[in-house]
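If you count the sequence shown from 1, position 88 lands on 247 in my numbering, and the numbers rise without skipping.
In case anyone wonders, no lab produced these hints; they're calculated from the structure.
It is possible that part of the hints are untrue.
Label pairs and their calculated CB-CB ranges [claimed, not checked]:
#, residue 1, residue 2, range
1, Lys247, Glu205, 43 to 53 angstroms
2, Lys238, Lys184, 35 to 45 angstroms
3, Lys211, Ser246, 25 to 35 angstroms
4, Asn210, Lys247, 47 to 57 angstroms
5, Phe306, Lys253, 47 to 57 angstroms
Here the structure is a predicted model, which is why all the values come from computation and not from measurement.
Note that CB positions come from ideal geometry on N, CA and C, so glycine has one too.
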Amino acid sequence: MAKKTGSKGEDLTELPGVGAATAKKLQAAGLNTAAKIAKAGKAGLEKAGLNKASAAKLAAAVAAKSAKSTAKKSVAKAKSTAKKATSKAKATAKKAASKATAAGKKVAEKTVEMTKGDQKVKAVKSDDGRKGKTLKVPRSVADMPWFRKN
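Full structure from sequences and hints, please.
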């Protein structure tokens, strides 16, 4: 089992091409985390005592790991942002629907209030022998009450 060699609990031996001896070299040079190794780059790794091939391989591996981690974080952040935007859009749509319904109700109530009592149709007792009352609908202008002025 690999030994933890980093000060923050990172196991440098999990990186490709890093064994116990290489981990000790990196530790002695102060490169005890993947972030520090990435910052040092190929030149910094060579100064720490790694040969050119190992330094290039390790620098590339750490850069790839860092890029993958950054990509995962970006995807997670994008998903979170999309989820927030969706819920905000739903809430906005719900508010708009509620306002539209309230406005429609208000218009309907106003219309009913305005027409209240204006258009009453008179009901009179039928004179043709039928039971109940009959609506008296004018057949011509002459039958209308405002026309029959004496």
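Output the indices of the hints that this structure fails to meet, ascending.
3
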